[in-house]
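Starting from the given sequences, assemble the full structure and let the hints guide the process.
What follows is each chain in one-letter form.
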Amino acid sequence: MAECHPVGFQWVVEAKARGARVFHVDPRFTRTSALADRYLPIRAGSDIVLLGALINHVLANELDFREYVLAYTNAATLVSEDFRDTEDLDGLFSGWDPETGTYDPRSWAYEPVGEQPSAEQAEGGRRDAEAAGADTYGAGGPAAHPSPRTDPTLTHPRCVYQILKRHFARYTPELVEQLCGIPRDGFAELAEAVTANSGRERTTAWVYSVGWTQHTVGAQYIRTASILQLLLGNMGRPGGGILALRGHASIQGSTDIPTLFNILPGYLDMPNAHRHGGLDHYLELEGGTTGFWGNRRAYLVSLLKAWWGEAATEANDFCFGHLPRITGDHGHYTTVMGQIDGTVKGYFVVGENPAVGSSGGRAQRLGLANLDWLVVRDLTLVETATFWLDGPELETGETRTEDIGTEVFFLPAASHVEKEGTFTNTQRLLQWREKALDPVGDRRSELWFYYHLGKLIRQRLTDDEIDRPVRELTWDYPEHGVHREPSAAAVLREINGVGPDGRALSTSTQLRADGSTTCGCWIYCGVYADEVNQAARRRPGREQSAVAPEWGWAWPANKRILYNRASADPEGRPWSERKAYVWWDAERGEWTGHDVPDCEIGKPPGYVPPEGAFAQASLAGTDPFIMQSDGKGWLYVPTGLVDGPLPTHYEPHESPVGNPLYSQQANPARHTYHRPESPYNAPGGRFPYVLTTYRLTEHHTAGAMSRPLAYLAELQPELFCEVSPRLAEELGLVNGGWATIVTSRAVVEARVLVTGRVRPLRVGGRVVHQVGLPYHWGWGGGGLVTGDVANDLMPLVLDPNVYIQESKAMTCDVLPGRRPRGPAVLDLLERYRDG
Amino acid sequence: MSGRGWLARWPVIRQLRGQDGRSDAVRSPRTDALRPRTEDAATVARSICPYCAVGCGQLVYVEDGKVTQIEGDPDSPISRGRLCPKGSASKQLVTHPGRQTQVLYRRPYGTGWERLDLDTAMEMIADRVVRTRRETWEETHEGKVVRRTMGIASLGGATLDDEENYLMKKLYTALGAVQVENQARI
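In order, the protein sequence lines correspond to chains L and Y. For the first sequence, our numbering begins at 104 and goes up steadily by one. For the second sequence, our numbering begins at 54 and goes up steadily by one.
Mixed in with the good hints, there may be bad ones.
Said to hold, decoys possible - In silico DSS-like links for lysine-lysine, alpha-carbon gap of 27 Å or less:
id	chain 1	residue 1	chain 2	residue 2
1	Y	Lys197	L	Lys538
2	Y	Lys144	Y	Lys119
3	L	Lys538	Y	Lys144
Stated by the list, open to error - Residues on chain Y that point at chain L, a partial pick, calculated with CB under 8 Å:
id	residue
4	Ser132
5	Leu171
6	Thr173
7	Asp215
8	Thr226
Since the hints were made in silico from the structure, they are not lab data. Since this is a predicted model, take the numbers as computed values, not measurements. Every residue, glycine too, gets a C-beta built ideally from N, C-alpha and C.
Below, the structure written as structure tokens:
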């Protein structure tokens, strides 16, 4: 955190100064470790073992926050008799179909009560594996029965609490030592601190970044942390939570308003041709009728009205048919395979640089070289724009410039100070940026580019039916300035939504399913409340409470801590004075506190929903997790996950270590590409070391925003690899000299940094060496400093829930000295692939 | 400061005598006469750092149509005026000489860049979108209505604004382009 989110880390340092204890778990020793109370080195890819052992420690010693757990989680819920655990089936959950490599998730469900969902309604497993369906749970949880059978004594063998207890029983301090390389005293200290700092008076927070997500079990890493935090009562409370520190300014915004293939704004599913018919059928299959997600018809109809305006009517399903249908995985890496196969002809790349920034760069570049046309928009001439002129495949002789048919348009982009608009930062906070000056020359904002491109496309339309969705699209924004820049404020207001009176809406509960409201993204409804750009609010922090509600605007409804109803006990009283956040004011008959309460403001804690209640009316006054169909935090996930209802330890796709828990070595549901462009390292001794990648404070992603800057280039001029003194000695590596890192994908050279910051770990009774590489270099990109592409080494293997690639743990070999040049690179790779 | 001679007021001497080297002891008439370059700025825009997702406040100082400095915004409750090495260097991000100002074009099988004016480039790109969309239009797939094109794809968004992502998703969806992705997948 100190390396990659340094200014955020000031708050950790401040907490430490006030008495907080800070633990840092990471394969490398960093500036964060230097400031932590305790640093625990871990083998990359083994975190579920560590977190699972903490869960086991809590359960075995009954250290859970029982009142919280009983009231706010599904611990007491009974699970179906058909469910079988990985502990019963040697690493597989019940429902595995080896033929398709997917799960039928129906046996994971709660014990049946009343009407059961049909096979086509069952979420998770096979259905969500098909198109990263779990992405849609970013706002609303999947459907489960709102009032399942429970055992509040937590003793029933099929209640979630007992299932967890059995599942995690083998996650012991010994296993942590054996698989993570963390000694028992270190684990004991962590376990003691985490449990002692949780409960009524205290909370513990976990902070993670892509070190947890870029794995074939990435979503399950986060799930493991969720289980621990729910058991300890650390969700929805100040000082608690599981905090994702994201790596790009508005990566949260580009997920909420997704430039992603499988979701629409506000985490509504893109309709799937195999699954959905018309609007009614789609809504029926996309979640339950209970909890706030029960209102999704209003969210979707308001979106369709925002996009197709007058043309969208009740009679035509509000133009639901104008939405194109997905039929499976159309994600980034599969799209690249489509480029190689020749089905993808034209490609827009805007502010991203896949030629050096994506895993397996060679496949990316082969794809780019097989396009008809490519549009690249960026600040500098990034490698994605110049691959045909100076890419590595030219050096190896695999391709020649004059053989590449791709037509390339490079359009210079406006910078963040040359346009106005909002970022949504990692804490769900929308912050409006004022424009400092106009862009010069041909530089333009993406807003300008897409708006004017859309206008030019609309001039070319015909009466043909295929043009109807573009013809009927609302595409008219006020323009201003010398460049005819469209108004970003007008776009933000469309995102916010407008009511029947033509005024900006204040909150998403005003949205209607009858077509009388418009809203471009329901979770952002309120950002333009009272016709005021709330994201532009700048009341200084020193003039506000620590919550700072008048700086920017957080979705939803300016709530700064999600699910904060859990900060009060079931009766609505703060768990302790020290941790008071929001509470029920019985006199005034409403919720109040330091933040906007994340529940219906007038709903008393004693409210019991009537049978068959709809949407939020189905939530009890004690239910804090209001986007879930049952209002509960899920320790066990009965529906919605692709690879199992519980996290379990699997080794990375490429690992030098055997899985001692099961004969099932890696996540059986992981997403692989078995094609020549996607080779994998063979198991065994050819690739003996663990390879992991990371960022440096002084650089940003693949370097296009940092290597061209003199200050930053000088601070970190060269690609290096961090190795331990022991590995250096074994291999004859010299500090400051060169090393060559090899996988079956690529050969990369780097300067050697021999350092005690990377420690050899004893894993499974033998020494495992880890090699660390920052991934900021590339051959061009306008960089004042250049270097080999670390991402070229990565395998194309994905988490099955969300299709994020495993780039934090794989295997490699290391050789002393510089890499070969030219075609000799291919010879070396050939030798490694042949074993 | 006392009225003793220049030697006694020399900062080195004062620091050797034990005065705090981070405070008044480093001041001299010359440093007292220095003015911050932000003082003469014609305008100051309130902005947000474009690198990681912490969202630190930035103040962008502009003079004579040029960015003269970018500093941390002390009003921000997130950053309290602080910026990291990247945020502190972001004036270079917007002013460095490697930033492109012109549209460049590489024709199929071409061996070098050519110039193209922006309007022409926009027309050419619009032509290609319309043509490729028509040529690759898929009305049905395995017997199901899909009304889409698998011939056009897009990548990028996490470094852009919400409003920009919104127009991208809206336009692509209307065009039937479904292979739209960004850094969040990474």
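Does Thr173(Y) pass the interface hint, meaning its C-beta sits closer than 8 Å to a C-beta of chain L? Result: violated, 10 Å to nearest chain L Cβ.
For Lys538(L) and Lys144(Y), compute the direct alpha-carbon distance and say whether it is at most 27 Å. 14 Å, holds
Was the hint right that Ser132(Y) lines chain L, CB cutoff 8 Å? Given a least distance of 5 Å, the restraint on Ser132(Y) holds.
Status of the Thr226(Y) interface restraint (C-beta, 8 Å, chain L): Since chain L brings a Cβ to about 6 Å from Thr226(Y), closer than 8 Å, the hint holds.
Can the restraint linking Lys197(Y) and Lys538(L) be considered satisfied, given a maximum Cα separation of 27 Å? Answer violated: Lys197(Y) to Lys538(L) is near 46 Å, above 27 Å.
Does Leu171(Y) pass the interface hint, meaning its C-beta sits closer than 8 Å to a C-beta of chain L? With Cβ-Cβ at 4 Å, under 8 Å, it holds.
Distance restraint between Lys144(Y) and Lys119(Y), which requires alpha-carbon spacing of 27 Å or less: 10 Å, holds
Asp215(Y) was flagged as interface toward chain L. Is the shortest Cβ-Cβ separation under 8 Å? Since the shortest Cβ distance to chain L is 4 Å, the answer is holds.
Checked against the numbered hints listed earlier, the structure breaks hints 1 and 6; every other hint is satisfied.
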